[in-house]
Amino acid sequence: QKEVEQDPGPLSVPEGAIVSLNCTYSNSAFQYFMWYRQYSRKGPELLMYTYSSGNKEDGRFTAQVDKSSKYISLFIRDSQPSDSATYLCAMSAHGTSYGKLTFGQGTILTVHP
Amino acid sequence: EAGVTQFPSHSVIEKGQTVTLRCDPISGHDNLYWYRRVMGKEIKFLLHFVKESKQDESGMPNNRFLAERTGGTYSTLKVQPAELEDSGVYFCASSLQEVRGLANEKLFFGSGTQLSVL
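From first to last, the protein sequence lines stand for chains A and B.
Residue numbers 1 to 113, in our numbering, belong to the letters of the first sequence in order.
Residue numbers 1 to 118, in our numbering, belong to the letters of the second sequence in order.
Keep in mind that the hints were calculated from the coordinates and are not lab data.
Predicted model, so just to flag it, every value in this text is computed and none were measured.
One or more of the hints may lead you astray.
What the hints assert, rightly or not - Each computed BS3-like pair below joins lysine-lysine, with the alpha-carbon atoms no more than 27 angstroms apart: (1) A:Lys100 / B:Lys106; (2) A:Lys2 / A:Lys70; (3) A:Lys67 / A:Lys2; (4) B:Lys51 / A:Lys2; (5) A:Lys67 / B:Lys106; (6) A:Lys42 / B:Lys41; (7) B:Lys54 / A:Lys67; (8) B:Lys51 / B:Lys15; (9) A:Lys67 / B:Lys51; (10) B:Lys78 / A:Lys56.
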């Protein structure tokens with residue numbers, strides 16, 4: 001079983017839609033949760049960073065972490081064609097190198113005009 | 001400010017040959033990481049340098065892979081001899097320092113090297 005499960009999609013939505021992306025994980029040691037966005041032929045770029053359970057909002061993006069369910073989500077409001085990319089969840093455990101991340105497989109998102 | 005630079009962007013080699021990938025981190029970043037994505041799989045951690053020292057190489061697949069970071073600046077990842085299963089995208093990332101707080105631990109990724117072993 002993978003430590004982090006993420007539905008690879010692909011996911012196609014119309015412009016303006018609310019997008020929900022999710023990951024589940026099995027390792028209880030994960031304490032730090034991230035969402036990365038990756039455009040084609042580019043490296044991942046950090047989008048959201050949260051510690052432990054709770055919500056975090058940044059503009060059109062909201063990250064949620066539910067440690068009791070081992071479930072994290074990313075919501076994108078008023079989606080735009082420029083949001084079309086691969087979205088990767090990533091996690092790290094307390095006591096390990098901060099940059100030693102465990103990634104989900106990534107969800108391919110297309111927002112069409 | 002220049003980002004993380006990787007060279008080459010693409011490499012096509014035959015099984016049994018040697019390939020060396022290079023990564024130039026952001027200037028001043030102590031931490032350098034190598035990751036790999038094999039087709040259809042998730043991005044996986046390979047190893048972590050703090051300056052010139054290997055901090056964690058638990059993700060290195062086998063002894064055909066050798067990573068170095070001379071003088072704590074750029075890093076190279078050599079695969080010798082390459083096998084078919086080594087094909088994938090190799091990413092390098094760097095961060096400022098191992099201190100909690102987003103400004104210090106945020107990873108900046110390069111665009112990756114696409115390695116194809118035929």
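Hints, one by one, checked against the model:
Proximity of Lys100 of chain A to Lys106 of chain B is assessed by CA-CA distance (about 11 angstroms); at most 27 angstroms being required, the pair is judged to hold. Between Lys2 of chain A and Lys70 of chain A the CA atoms are separated by roughly 13 angstroms; this keeps the pair inside 27 angstroms, and the hint holds. Between Lys67 of chain A and Lys2 of chain A the alpha-carbon distance is near 17 angstroms, which keeps this suggested pair within the 27 angstroms criterion. Between Lys51 of chain B and Lys2 of chain A the CA atoms are separated by roughly 31 angstroms; this puts the pair beyond 27 angstroms, and the hint is violated.
A distance of roughly 22 angstroms separates the Cα atoms of Lys67 of chain A and Lys106 of chain B; the hinted pair therefore holds under the 27 angstroms criterion. This hinted pair checks out: Lys42 of chain A and Lys41 of chain B have alpha carbons roughly 17 angstroms apart, not beyond 27 angstroms. Taking the CA atoms of Lys54 of chain B and Lys67 of chain A, the gap is near 32 angstroms; set against the 27 angstroms cutoff, the hint is violated. Taken as a hint, the Lys51 of chain B and Lys15 of chain B pair is broken in the structure, with Cα atoms around 32 angstroms apart against an allowance of 27 angstroms.
Only pairs whose Cα atoms come within 27 angstroms are accepted, and Lys67 of chain A paired with Lys51 of chain B is rejected, the gap being roughly 34 angstroms. With a C-alpha separation of about 40 angstroms, the suggested pairing of Lys78 of chain B with Lys56 of chain A is violated against the 27 angstroms cut-off.
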